[in-house]
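Chains as they are written, first to last, in the working numbering: chain R, 1 to 193; chain V, 1 to 348.
Errors might be hidden in some of the hints.
Unchecked claim - Subject to a maximum C-alpha distance of 30 Å in a straight line, what follows is the list of computed DSSO-like cross-link-like pairs (lysine-lysine): (1) Lys121(V) / Lys217(V); (2) Lys144(R) / Lys217(V); (3) Lys144(R) / Lys197(V); (4) Lys266(V) / Lys144(R); (5) Lys144(R) / Lys121(V); (6) Lys266(V) / Lys217(V); (7) Lys144(R) / Lys99(R); (8) Lys225(V) / Lys144(R); (9) Lys197(V) / Lys99(R).
No wet-lab data here; the hints were simulated from the structure.
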Amino acid sequence: MMAIVTDERWSQDLLERVGSAHSSEDVEEAGASFEALYRRRYRDVYRYALLMLRSAEDAEDVTADAFQRAYAAWDSGHGPAGQALPWLLLITRRLVIDKTRRRRLLSWLPLESLRPSHEPADEAATGQTVFWLWFERFARELPKRQREVLILRYQRDLDDAAIGELLGLSASGVRSLVGRACATLRRNPEIWR
Amino acid sequence: MNDNEIEVARASDDEVLAGVRRRLSGVEPLVPVSPAWVAPPAGAAETLRRHVRVRTLAYGLRGLAAVLVAFAIVVAVFGPFGLRSSPAAQATGSQGATGSQGALPPGTTEFTYAVDPVAGKLPTKAEAVQMFDLIGQRLRAAGIGNFEMGAGDALTIRIPGPVDAAAVRYLLGHPGVFEIVPLPPSVYGTSNAAGFKTVPVAGDPVDPSLPLLIADKNLLHDQVKADSTTGSWDVLFSLDAEGTAELASFSAAHVNEYIAVVLDGKVVSAPYIVAPITGGSCRISGDFTASDAMLLAAVLRNGPLAFPIHEISASNGPGSTTRNSSQTAFAGFGSSLRLASGGLEQPC
Chain R
1 MMAIVTDERW SQDLLERVGS AHSSEDVEEA GASFEALYRR RYRDVYRYAL LMLRSAEDAE
61 DVTADAFQRA YAAWDSGHGP AGQALPWLLL ITRRLVIDKT RRRRLLSWLP LESLRPSHEP
121 ADEAATGQTV FWLWFERFAR ELPKRQREVL ILRYQRDLDD AAIGELLGLS ASGVRSLVGR
181 ACATLRRNPE IWR
Chain V
1 MNDNEIEVAR ASDDEVLAGV RRRLSGVEPL VPVSPAWVAP PAGAAETLRR HVRVRTLAYG
61 LRGLAAVLVA FAIVVAVFGP FGLRSSPAAQ ATGSQGATGS QGALPPGTTE FTYAVDPVAG
121 KLPTKAEAVQ MFDLIGQRLR AAGIGNFEMG AGDALTIRIP GPVDAAAVRY LLGHPGVFEI
181 VPLPPSVYGT SNAAGFKTVP VAGDPVDPSL PLLIADKNLL HDQVKADSTT GSWDVLFSLD
241 AEGTAELASF SAAHVNEYIA VVLDGKVVSA PYIVAPITGG SCRISGDFTA SDAMLLAAVL
301 RNGPLAFPIH EISASNGPGS TTRNSSQTAF AGFGSSLRLA SGGLEQPC
């Protein structure tokens, strides 16, 4: 399940994952506290929201909202049937779609001040800018669903079946989206090299 | 194709994906660690549960029609006797105590609404959720931030603390359909010459046979807001491109004629056109109080309710305070909303 990752920026996350790899199933399924799930999955949910919305502010809102809703469901006995991450991401995905829809409304408005910010809220480090510049390029080349599949694939705890469930596709549908994304990317090596 | 591309073309999917993953990992520094978890208070969970109870809501609303019919039959058959035999129940009836409110916390007011079918149909699951969100947005836009909503057979809204019941009724009682209707000068006259009918004032129903100039779909709901920069409370609104063009061409050809700004079939304001309105941005001005303007903006801002709802009951928990002082002010755009004619200006 764990793949070898070379990038050092990933290492912290990797450690987190390795550290809890064996216990993850227990945490998620054996009725452990919601707080444990929150601590464990906060970054996964936030990362997904951030990559989908491309705004730290919106990602923060959506993540908070997603966990609030998840808690309400959990609290009333409507927690995840199987794994918790796909369940959390499903809640998050709905909020992301809702947010995007609202943004689309906003972007119709002619007012400059209301234009959605596609830039990260605090453009401090150049590393961030470099990442977002790359991501803009990545997003420009790939249609939304292909992009989303690759973002979800990046979450190593999700298999194609789980991703398919999230997107309303079969596992083979997911694989074909990945295949098409790869074909596009192969023509644009600067995106993945 | 140059050499480089040929080489790249040979890259396997795994290589490409590994590359993407490596680049995507650049997001990690941007992902914060989780802030401390604060579980919402027990009551708050009820509000949030609505999204999980979508199924209950949808089935509940579908079932509501049957329940209402059964209720109507029971009332028709037994009602008169039942009420006569229990005068106490009749006395509390105005507060709508339904008997199921035993658990209402102190200081809380609960409003219960039923959904009216449109063309014989009740909302689907998705529509019900949308309505739920919309009602929440209206309440929040009007500054009522602290409330809980639930849905079983009916929609209930609980508001702890002091509540302006009239404001809540205003917000929920209006489907929120916005229209602009030209008032034909042959009937209503112009600003210079009176017609044989008087120009309607706020609250008057508008003649439904008059053709629309601007429909609700042409209103940019997001842009509606209450504004007091001119010293009085006004409501600002903007139209989309189609609406703007319609209004511009109409107003250029009909200077000095009256038009009616209409909410749910009732006139909000009937100004006459001073000059062509080309910007698509308008100001409804008049004798709005701050809360009048905010409530109107809150209703318009979030778009119309797909299905109208009507109040079944309102009940108060022990010790709750309901501010009813302004009730008459909002009753169907009552007499307190006197709108000055000629109040339509542009741009805002």
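Verification of the supplied hints:
no. : hint                  : result
1   : Lys121(V) / Lys217(V) : holds, 22 Å
2   : Lys144(R) / Lys217(V) : holds, 28 Å
3   : Lys144(R) / Lys197(V) : violated, 57 Å
4   : Lys266(V) / Lys144(R) : violated, 44 Å
5   : Lys144(R) / Lys121(V) : violated, 35 Å
6   : Lys266(V) / Lys217(V) : holds, 18 Å
7   : Lys144(R) / Lys99(R)  : holds, 15 Å
8   : Lys225(V) / Lys144(R) : violated, 33 Å
9   : Lys197(V) / Lys99(R)  : violated, 48 Å
Taken one by one, the earlier hints fail for this structure at numbers 3, 4, 5, 8 and 9, listed in ascending order.
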